[in-house]
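Read left to right, the sequence shown gives residues 5 to 241 (the numbering used here).
Think of the hints as simulated: they come from the structure by calculation, not from any bench. None of these values were measured; they are calculated from a predicted model. There could be a bad hint or two in this list.
What the hints assert, rightly or not - Straight line, CA to CA, 30 Å or less: simulated DSBU-like cross-link-like pairs of lysine-lysine:
(1) K126 with K166
(2) K133 with K71
(3) K227 with K166
(4) K189 with K166
(5) K105 with K85
(6) K115 with K98
(7) K133 with K155
(8) K126 with K227
(9) K206 with K166
(10) K166 with K115
(11) K133 with K189
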Amino acid sequence: SLALLAGMLAGTSAGASSSTTALVPTDTATEPADQPTDQPPTSLSGIRPILQNIVATCNLGIALDLKTIAMHARNAEYNPKRFSAVIMRIRDPKTTALIFKSGKMVVTGAKSEEQARQAARKFARIVQKLDFPARFTDFKIQNMVGSCDVKFPIRLEGLAYKHSHYSSYEPELFPGLIYRMVQPKIVLLIFVSGKVVLTGGKVRNEIFSAFEQIYPVLQEFRKLPAAAAATALTPAT
């Protein structure tokens, strides 16, 4: 899915394991407490990106026997030849956890900060019920993925040419333009259809702010209908 691809593009770290580099960003600085109620930046575009996926990490504070967890927990699978973590799923909120032998855990699939924290606590309780003295510590939001639709087509070639320092566009390999914004440090996938995926934020306002910054650029490279484009090119008599 686009959200998964965006999460992989955001840049990651091997905090729990090298196998999770597509999930955990390199920046391991301590994140301030979640503040989902922060006032979002003023929306001049009238469009607000919708959060599609939140990746969070936490530490259970104890070494784990992954075979025991996989054998006794519901909706859990463990194949050490393929991946060095137990993959566990819950339905409410609909999320997936990667649980490592070290006690570190990665939670994906939440749609809000509160859902991510709630899911992480539920996974920790499941491990506790299997007689592991697990604790819930070091919870951090590592990545947010949002998406929206500007409702008009975009000239990606022109955008890539004018913003070449920030853009990567190779339609033979991938249909979207990859735009790496510096401040806030957000990666955007921009498609000719007008759909935009934003990833790399640690707080939702970074996603919202990045979109407000890119929206005037998208308007500048709005693709005109064929008739309008022909009229614009016709010299006045």
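Quick rundown of the hints versus the structure:
no.: 1; hint: K126 with K166; result: 48 Å, violated
no.: 2; hint: K133 with K71; result: 15 Å, holds
no.: 3; hint: K227 with K166; result: 15 Å, holds
no.: 4; hint: K189 with K166; result: 20 Å, holds
no.: 5; hint: K105 with K85; result: 14 Å, holds
no.: 6; hint: K115 with K98; result: 9 Å, holds
no.: 7; hint: K133 with K155; result: 49 Å, violated
no.: 8; hint: K126 with K227; result: 47 Å, violated
no.: 9; hint: K206 with K166; result: 28 Å, holds
no.: 10; hint: K166 with K115; result: 34 Å, violated
no.: 11; hint: K133 with K189; result: 40 Å, violated
When the structure is compared with the earlier hints, violations turn up for hints 1, 7, 8, 10, 11 and for no others.
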